[in-house]
Amino acid sequence: MSATTTNHRRGFRLFALDMNEIGLIVILLVLYFGFGATTNGFLSANNHLSLLRDAASIAIAAWAVTLIIIAGEIDVSVGPMVAFTSVCLAFMLKADVNVALAILAALAIGGALGTFAGSLRAYFGVPSFVATLGLWSALRGMSFFTTNALPVTFPDNAFLDILADNMFGIPTSAIVMLVLFAIFSFVSQKTAYGRSIFAVGGNANAAELCGINVARIRVLIFTTSGVMAALAGVLLTARLGSGNAGTASGLEFDVIAAVVIGGTALSGGRGSMLGTLLGVFVITLIGNGLVLRGINPFFQEVVRGVIIVAAVLANILVTRYRERRIFGA
Amino acid sequence: MQTARQQDPQPLVAAVRGATKRYPGVLALDDVDFEIGRGEVRALLGKNGAGKSTLIRLLTGATMPDSGEVTIDGAALTGSGTQRTVEAARLGVRAVYQELSLIVGMSIAENLFLGRWPSSMGVLSHGEMEHRARETLARLGLTLDPRRRVATLSPAERQLVEIARVMIGEPKLVILDEPTSSLAAAEVQFLFKAVRSLAAAGIAVIYVSHRMSEIRQIAQAATVMRDGKVAGTVEVAGADTAEIIRLMLGRSEQEDRLVGEARGGDTVLSVRDLAVPPKLSGVSFDLKRGEVLGFAGLLGSGRTELLRAIGGLDGVRAGAVLLDDKDITRASYGERVKSGIGMTPESRKEDGIMPLLGVDENTVATDFSKVAVSGVISASRMAEAAGDIVRRIGIKTARIDTPVGTLSGGNQQKVVIGRWVYAGSRILLLDEPTRGVDVEAKSQIYAIIRQLAAEGKSIIFVSSEIEELPKVCDRVLVLKDGNFVQEFSAPGIETDTLMAACL
Numbered sequence: 001m002s003a004t005t006t007n008h009r010r011g012f013r014l015f016a017l018d019m020n021e022i023g024l025i026v027i028l029l030v031l032y033f034g035f036g037a038t039t040n041g042f043l044s045a046n047n048h049l050s051l052l053r054d055a056a057s058i059a060i061a062a063w064a065v066t067l068i069i070i071a072g073e074i075d076v077s078v079g080p081m082v083a084f085t086s087v088c089l090a091f092m093l094k095a096d097v098n099v100a101l102a103i104l105a106a107l108a109i110g111g112a113l114g115t116f117a118g119s120l121r122a123y124f125g126v127p128s129f130v131a132t133l134g135l136w137s138a139l140r141g142m143s144f145f146t147t148n149a150l151p152v153t154f155p156d157n158a159f160l161d162i163l164a165d166n167m168f169g170i171p172t173s174a175i176v177m178l179v180l181f182a183i184f185s186f187v188s189q190k191t192a193y194g195r196s197i198f199a200v201g202g203n204a205n206a207a208e209l210c211g212i213n214v215a216r217i218r219v220l221i222f223t224t225s226g227v228m229a230a231l232a233g234v235l236l237t238a239r240l241g242s243g244n245a246g247t248a249s250g251l252e253f254d255v256i257a258a259v260v261i262g263g264t265a266l267s268g269g270r271g272s273m274l275g276t277l278l279g280v281f282v283i284t285l286i287g288n289g290l291v292l293r294g295i296n297p298f299f300q301e302v303v304r305g306v307i308i309v310a311a312v313l314a315n316i317l318v319t320r321y322r323e324r325r326i327f328g329a
Numbered sequence: 001m002q003t004a005r006q007q008d009p010q011p012l013v014a015a016v017r018g019a020t021k022r023y024p025g026v027l028a029l030d031d032v033d034f035e036i037g038r039g040e041v042r043a044l045l046g047k048n049g050a051g052k053s054t055l056i057r058l059l060t061g062a063t064m065p066d067s068g069e070v071t072i073d074g075a076a077l078t079g080s081g082t083q084r085t086v087e088a089a090r091l092g093v094r095a096v097y098q099e100l101s102l103i104v105g106m107s108i109a110e111n112l113f114l115g116r117w118p119s120s121m122g123v124l125s126h127g128e129m130e131h132r133a134r135e136t137l138a139r140l141g142l143t144l145d146p147r148r149r150v151a152t153l154s155p156a157e158r159q160l161v162e163i164a165r166v167m168i169g170e171p172k173l174v175i176l177d178e179p180t181s182s183l184a185a186a187e188v189q190f191l192f193k194a195v196r197s198l199a200a201a202g203i204a205v206i207y208v209s210h211r212m213s214e215i216r217q218i219a220q221a222a223t224v225m226r227d228g229k230v231a232g233t234v235e236v237a238g239a240d241t242a243e244i245i246r247l248m249l250g251r252s253e254q255e256d257r258l259v260g261e262a263r264g265g266d267t268v269l270s271v272r273d274l275a276v277p278p279k280l281s282g283v284s285f286d287l288k289r290g291e292v293l294g295f296a297g298l299l300g301s302g303r304t305e306l307l308r309a310i311g312g313l314d315g316v317r318a319g320a321v322l323l324d325d326k327d328i329t330r331a332s333y334g335e336r337v338k339s340g341i342g343m344t345p346e347s348r349k350e351d352g353i354m355p356l357l358g359v360d361e362n363t364v365a366t367d368f369s370k371v372a373v374s375g376v377i378s379a380s381r382m383a384e385a386a387g388d389i390v391r392r393i394g395i396k397t398a399r400i401d402t403p404v405g406t407l408s409g410g411n412q413q414k415v416v417i418g419r420w421v422y423a424g425s426r427i428l429l430l431d432e433p434t435r436g437v438d439v440e441a442k443s444q445i446y447a448i449i450r451q452l453a454a455e456g457k458s459i460i461f462v463s464s465e466i467e468e469l470p471k472v473c474d475r476v477l478v479l480k481d482g483n484f485v486q487e488f489s490a491p492g493i494e495t496d497t498l499m500a501a502c503l
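Protein chains in written order, with my numbering: chain D, 1 to 329; chain X, 1 to 503.
Rather than coming from a laboratory, the hints here were simulated on the basis of the structure.
Think of the CB as a built atom: it goes at the ideal place given N, C-alpha and C, for glycine as much as any other residue.
Take every hint as true, because none was put in to throw you off.
Pairwise CB distance ranges (calculated):
1) X:370 / D:123: 26 to 32 Å
2) D:123 / X:101: 29 to 35 Å
3) D:34 / X:101: 48 to 54 Å
Computed footprint of chain D on chain X, listed as stretches where at least three residues anywhere in the stretch have a Cβ under 8 Å from a Cβ of chain D:
4) 331–337
5) 348–359
6) 364–372
7) 375–389
Produce the entire structure from the sequences given, and follow the hints as far as they go.
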């Protein structure tokens with residue numbers, strides 16, 4: 001993603017496209033029509049709903065992880081965080097806690113765990129990779145430990161059914177995803193918090209000297225990420241009808257892949273929600289199409305790996321070309 | 001041009017003859033002759049841009065002269081590109097620069113042989129490495145354990161390890177670039193001891209420094225450069241400081257002073273007995289409203305440390321900082337920013353700009369809330385506020401949201417200053433605001449500073465280019481050995497007396 005366009009995307013140009021995003025749209029169209037023309041059932045209405053649902057499970061966490069990566073940090077704890085909050089929620093519902101209260105508590109647990117990781121980074125200088133790797137292991141372990149690897153079931157719940165079902169013919173989780181997309185786009189472009197994240201990722205020293213509270217920003221992005229992972233956990237619990245310790249395995253890698261495919265620089269300072277949205281759909285389309293084509297599931301992983309690296313490589317080449325033009329050779 | 005040195009003719013180690021080097025827009029070296037003999041310690045002085053660095057680069061082979069010749073140990077350098085550096089190194093030229101280049105996680109021995117570790121059959125032989133390292137350190141009179149990690153060493157010890165590193169192989173000429181700038185006064189003697197052992201071993205040493213007291217202790221002769229030429233080479237013993245200053249400054253060019261008679265406003269900032277060991281011991285001064293106060297001092301005299309302490313970025317051992325008679329010594333940087341202090345850092349790239357963000361966002365980053373309506377940044381307000389600063393300060397940018405990284409250094413600096421004007425800061429701490437910017441931008445920055453002072457802002461201006469202080473400052477304080485040693489007030493600020501006070 002080029003610097004200029006990222007930062008020009010403000011005001012009425014909130015959704016203006018740049019080269020990387022145009023490239024991703026082309027890739028998406030190729031994948032969509034390629035699978036559409038060659039794969040039975042790909043274009044069916046049902047499959048579209050399933051595509052949206054799959055996209056939502058990645059995207060909701062990916063919005064927050066985009067902010068984290070723009071700030072120059074990383075969060076690898078997403079998958080276990082989803083599983084752990086899902087298990088917590090299921091236990092609470094099993095114990096007949098009010099559903100609204102249980103969901104809020106699950107979100108609070110996610111937020112608290114994220115805040116913990118963020119504080120380790122901001123105040124103690126623990127690299128965010130290590131802090132979230134610790135969470136990754138501890139939360140997954142905690143989930144299995146408390147459930148003995150058995151699904152935690154709970155009585156039927158009307159509200160969770162709504163979350164698991166469709167609204168206006170669209171999966172509720174997809175609606176949540178799109179609403180959050182609008183909110184995150186807005187926050188990242190139009191609020192002091194959002195712009196401070198770009199400033200911290202672009203040059204933390206300079207941001208600090210400007211009087212931006214860098215430590216607070218670093219904590220807040222992880223808090224946000226924890227809450228978003230917990231929300232993904234709530235939606236997943238609703239969809240599965242139980243809390244599962246082993247769920248969302250490897251989700252963190254799909255999330256990070258979607259963000260970097262979307263053009264957010266791992267070195268920080270630049271990125272966009274729209275890029276991540278497109279990245280999420282690239283990942284989802286590949287997964288869905290390969291399954292429908294009946295490709296050997298092990299080989300699917302290979303194809304996915306190749307496509308992720310190829311997409312990011314193309315992105316880097318485009319960026320390098322643009323920077324040479326903007327900043328001079 | 002060059003005063004003949006009356007010394008026993010030692011065999012020459014290095015000679016530069018008739019060297020001219022032109023960079024776009026600058027004549028960096030103009031027909032320069034320079035020679036140095038075995039075992040000689042030669043001081044090299046000159047203002048910024050006088051040609052010292054280019055001369056050093058000629059000797060290390062990093063730069064090729066447009067015309068003229070460089071001879072090391074009787075052999076003329078012939079290669080070009082990196083080959084020339086390799087050639088010079090093989091002939092025995094070594095340089096130690098201000099920025100230390102040690103890898104702190106490795107041992108002294110590993111650092112000494114960095115990249116050329118002794119090995120047998122592909123396996124490093126630590127025994128031999130330590131043995132040879134111990135020998136090398138001993139030649140400099142050092143007793144450091146070569147197995148110690150560099151991270152555990154003091155700045156002085158690290159500097160000494162850097163010097164020990166140049167002893168590997170057969171050095172003939174060692175160039176030390178401001179080696180004491182990061183050292184406390186007491187540590188300098190260790191360095192001198194090492195330099196004397198170098199000279200005793202027949203190695204020629206070029207010692208770049210402006211501290212006359214040091215030069216008198218360590219060097220026999222001093223070569224002074226000015227405007228790309230050798231202004232003169234003098235015996236240190238017979239020369240007084242005034243003569244060296246005269247050589248450095250030459251006939252002073254017409255100065256366009258922007259300063260009028262010093263005005264007496266109310267005191268806004270008071271610093272009392274501020275101590276930041278090891279650099280500052282009990283510094284006191286007052287800053288008045290509408291005043292531009294300059295801090296002069298050599299590299300490493302504690303100027304940056306003082307600014308950072310005033311800004312609250314570093315802790316202080318003792319003393320007080322008073323803003324409007326209110327003690328803010330314990331206040332954090334953020335709190336000081338809120339009460340009206342703004343600081344621009346010495347290194348614009350590392351600490352100043354956020355290169356990917358636009359001019360507008362780099363400007364308003366000091367206070368997003370001023371351009372936000374109920375928490376939402378208003379694009380029009382931001383454009384208006386940033387546009388106002390761009391016009392007031394004269395920032396040249398294609399558009400208001402052009403990434404700052406694409407601007408020229410001078411314009412980047414104006415943005416960094418402008419963000420505090422936007423924030424409404426009353427006290428600006430400017431650390432080397434003209435470093436690395438072109439001549440035109442420099443005079444624009446001077447004008448901006450005077451304009452801000454006229455508007456009632458108080459400014460502390462730190463510069464290592466002494467001749468710019470008389471142009472902008474109402475008052476200049478000279479820092480030396482951790483304290484202010486002299487004060488000058490406009491219109492009585494003269495470059496030569498200022499420099500004499502610094503050296």
